[in-house]
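Colleague: Below are the chains, spelled out letter by letter.
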Amino acid sequence: MKDTFTMDCPQPRLLDETHQGVIGTGMDRPDGPQKVSGTAPYTADNPTEGVAHGALVRATVTRGRVAGIDRASIANLPGVIDVITDPRMTRNPAQGMAGEAPVQPGDAVHYHGQPIALVVAETFEAARDAAQRLKVTYTTENAAVTPENGEHEVGEPDAAGDFQRAFDSAEVQLDREYTTPSQVSAAMEPHAAIAEWKGNEVTLRAAQQMVRFNKAELADTLGIDESQVRILSPFVGGGFGSKLGLGPEAAAACIASQKLGRPVRVVMPRQTVFDCVLRRSETKQRVRLGATKDGRLTAISHDDQVSNLDGEGFAEPTSQASQFLYGADGLSFTQTVARIAATPAGSVRAPGEAVGMLAFESAVDELAQELGMDPLELRLKNIPATHPLDGRPYSVRRLADCLTGGAERFGWKDRAVKREGDWLVGMGMASAARSNMLVKSAARVRLTGDRAVVETDMTDIGTGTYAILAQITAEMLGLPPAQVEVRLGDSDLPGASGSGGSFGANSAGSATFLAAKDLRGQIAERLGCAVDDLTLQDGRARGANREVALSELVEAELTAEATIEAGETAETHFSSGFGAHFAEVAVNEWTGEVRVRRMLGVMAMGRILNEKTARSQAIGGMVWGIGGALTEEMVNDSRDGHVVTRDLANYHVAAHADVPRDMQVVFLEERDDWANPIQTKGIGELGISGAGAAVLNAIAHATGVRIYDFPATPDKVIAALEAKG
Amino acid sequence: MYSFDFARPTSVADAVAALGQEDAQALSGGQTLIPTLKQRLASPSVLVSLSAIADLKGVSAEGGTLSIGAGTTHATVAAEAGAYPALAELAGQIGDPAVRNRGTIGGSIANNDPSACYPAAALGSGATIVTNSREIAADDYFQGMFTTALEEGEIITAVRFPIPEKAAYIKFQQPASRFALVGVYVSKGAGGVRVAVTGASNDGVFRWSEAEAALAGDFSAGAVEGLAAPSGADMISDLHGSGDYRAHLVKVLTKRAVAKANG
Ligand SMILES: Cc1cc2nc3c(=O)[nH]c(=O)nc-3n(C[C@H](O)[C@H](O)[C@H](O)COP(=O)(O)OP(=O)(O)OC[C@H]3O[C@@H](n4cnc5c(N)ncnc54)[C@H](O)[C@@H]3O)c2cc1C
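Chains A and B supply the protein sequences, listed in that same order. The first sequence: position 471 = 471 (the UniProt record's numbering), numbered continuously. The second sequence: position 239 = 239 (the UniProt record's numbering), numbered continuously.
Bear in mind the hints are in silico, worked out from the structure with no lab data behind them. Don't be surprised by glycine CBs; every beta carbon is placed ideally from N, CA and C. Mixed in with the good hints, there may be bad ones.
As the list claims (entries may be wrong) - Some but not every residue of chain A turned toward chain B, in silico, with C-beta under 7 Å:
no., residue
1, 590
2, 591
3, 638
4, 715
5, 718
6, 721
Turn these sequences into a full structure, and let the hints guide you.
Modeller: Structure (structure tokens):
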């Protein structure tokens, strides 16, 4: 393998000079026909000879110990094979990029709904039936289940300047508290795993986002070497963070399969997904802003309280974007984590921004109102020269262009509250920001004649990885994309970043690019020209006054593998996607219903690799924004912490009927030279960040009232309207 | 789901006999009962399907009365109850196509879910619930959340609606299930004005008598305007809306329903 390439300085924009012309186009996904025809085999779809079915038995107490499991209580049920308990079983999914086993609680119960055993049977139905009938006794302990009652760990503030002084002396002050409920990823495909042992080696088919990390997590969980583990996740039906880490269903399937000597499949029913997959924490946020009368921000503070279960290192990074969007003389951000006995919290799409920006961008909007200023102007006026906390320059930032360009397209300056019968119509906007990352990633590209194969353990969780890696390779090697095969989600292939934090395309894409670039060097050598003189297009190589078909030039396979990791540019420059969201809503003054009429997101997120899949990601994010603003709310019972909203009828994800037909996304041309050698930035999560705030600000514009407890459901809207009178 | 025996009689008499067995329960469209069994909230030892009884099916209008067999699906009512348009429209808005093609009026009325639509239509029209042994006025039939005047083993065979001069139903949908968060059924006919509310009260469907009195003299949305909304204290408070919000909606939807009934 080649040395690792570290991103220490800007790289030439090679993808702008190549000739195939496929990069950036809205090419259809190569896996699209399989997906829409139902022939793409998702984990649970794989027929497995002799497979037994497992159902997780879950705790019905909040905290305590399993005192006894009465195996006899289900022994006579037809089809039941065994009840598996094991010290290696896990309490919840690993946190993203943990690379080690999650908590293995033994007989301890830490939250209501925690997996405590696996019932294995000949059919799924028998296993589920027996898991529900199994008699379990517990000893119980008291535990706090609400953040108010939990133990509070108060963090050190991230700060610059003297916030308190700046705030106290500000000409205009705003001090508001916001709350957001827990949320779930609610991926369409429930968590699923099929495990099978051969000797002392296990193969796990699983719905996972980060195979390289999951392999290490599984080996550590089982107490075996990584070389004994193979994970296959070629198709994943949505993740949104919930499949970042190895889940309890996967650990249980492996353990049961080992004990029983036959393959075991464990698929979580939807209710189990709600109960024991990592949720997004509820938040309580306090935003304080100080400004001069003419709208210069002087003080910014965004403090938050989130929750998690003991032993989980993750804390929703609520104020992430608030720390670098606008500048002030004094800034301060303090986080408090409340320890509670409830389904643990972890990364859910756009951790931090998804809920933090609802509050922060609402506050900025309200400040504009207090100042009598256009909220667009207030934002434009406070774009800082450098990162407000550490002074780093931004890599490339088109926030102002997004704001002004979006305002122009959306008709912002003509906004006026309109009344249409019972409906009050208004417009809102918000900035969008989502910091950008590069994570260690490897890929291999093999070329034989005019056909290439890309190999990496990177996943495609519905995002379009199959498409973009084919496009990058096709562009670099001058091939029609149909001549590039992409193989993903196999832990035996070079280890990638995995899909998470919107860094997958940057990272795995860059590794693929570097491997293909290496092949360009090898081709140039064969052709006898300098690599700078090489032109590759439509399967032909040109250079040094020669033109040869690749099918002739590359008769024996050429291979290149490349690994990339972040380097000095990550220290010297701050990279983030930026954008602006605009929304027009209608609020019914009698029922409090909010209908989103149209939305526009203008985003600058580096080079766009595939116009179509990028757009899908951005629109999907904006739909999440609607959900966060208006409908999504996970409820826990305040007595024992159990999840009350355990299905998609009680946890309402914005559906087609909630989403306007007029959802526009505009990408501004951008290259981030400091980010990675393909000049891209993360895409998926920027679409959410700020989108919900635009909706909420539009409600405020339409009605003149603000809501501080999200989502803004009709009852809250009516209560606010009635309070105003 | 627990195991059970299954009977599929072809006459009402046989069904009544089958329901005489211990822990027997009637099954109609199954849109409520099957999920209930799956969640293990009920465990009858015998399920008596009413779906093969021809006498329980069909819609007929005669002399100002619309009769609907208890085993008639929501989809059939939507398509065939043209003589009573407000009722046909209500049926056409229940759940989704799968629910409408399986679920029946008898099952809905027997179940008396506090958020169901048909109870509002029956109470709001002054309908008569016909069973294998008697006739029950809607005013006497609905006795609180999931509670009715039906005796053990008694089967609804039909529901008879007097066709009013004017009627309308407005439901505010819970966005995911399309059940009524609150639904209001108003009618004006020979028996006077009726306003029946579903989805709101902890006691199930009820008549909002203040509104009926106000509308008796002046059947217009304006007549409701001056009324105070009913108290939110007895209303359902849950994930989808507070009691106060539901109370507020009762008034809003009543006005809308009256306006709609007036065309
Ligand atoms: C997704 C979904 C959405 C829905 N949305 C709505 C909605 O918007 N509005 C609405 O009103 N309803 C809604 N429903 C409920 C639906 O209308 C049901 O079909 C109805 O409540 C029950 O009718 P059924 O024929 O399915 O009865 P079943 O489920 O078969 O039976 C229900 C109960 O009635 C008893 N029963 C059935 N028939 C008789 C009879 N003839 N005599 C005596 N007892 C009997 C059964 O023993 C059982 O206790 C929805 C259901 C679902 C699943």
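Colleague: Can we keep the residue 638 of chain A interface hint, with Cβ of chain B closer than 7 Å?
Modeller: Hint violated; residue 638 of chain A Cβ to chain B Cβ min 13 Å, cut 7 Å.
Colleague: With chain B as the partner, please determine if residue 591 of chain A meets the hint condition of a C-beta pair closer than 7 Å.
Modeller: Given a least distance of 6 Å, the restraint on residue 591 of chain A holds.
Colleague: Against chain B, with CB atoms and a cut of 7 Å, does the hint on residue 715 of chain A hold up?
Modeller: The hint holds - residue 715 of chain A has a Cβ within 7 Å of chain B, the shortest such distance being about 3 Å.
Colleague: At a threshold of 7 Å, is the proposed contact between residue 718 of chain A and chain B supported by beta-carbon distances?
Modeller: Hint holds; residue 718 of chain A Cβ to chain B Cβ min 6 Å, cut 7 Å.
Colleague: Verify the interface restraint on residue 590 of chain A: the C-beta must sit less than 7 Å from at least one C-beta of chain B.
Modeller: Cβ of residue 590 of chain A sits 4 Å from chain B, so the hint holds.
Colleague: Under 7 Å, Cβ to Cβ, is where residue 721 of chain A needs to be relative to chain B, so tell me if that hint holds or is violated.
Modeller: violated (10 Å)
Hints 3 and 6 from the list above are not met by this structure, while the remaining hints are.
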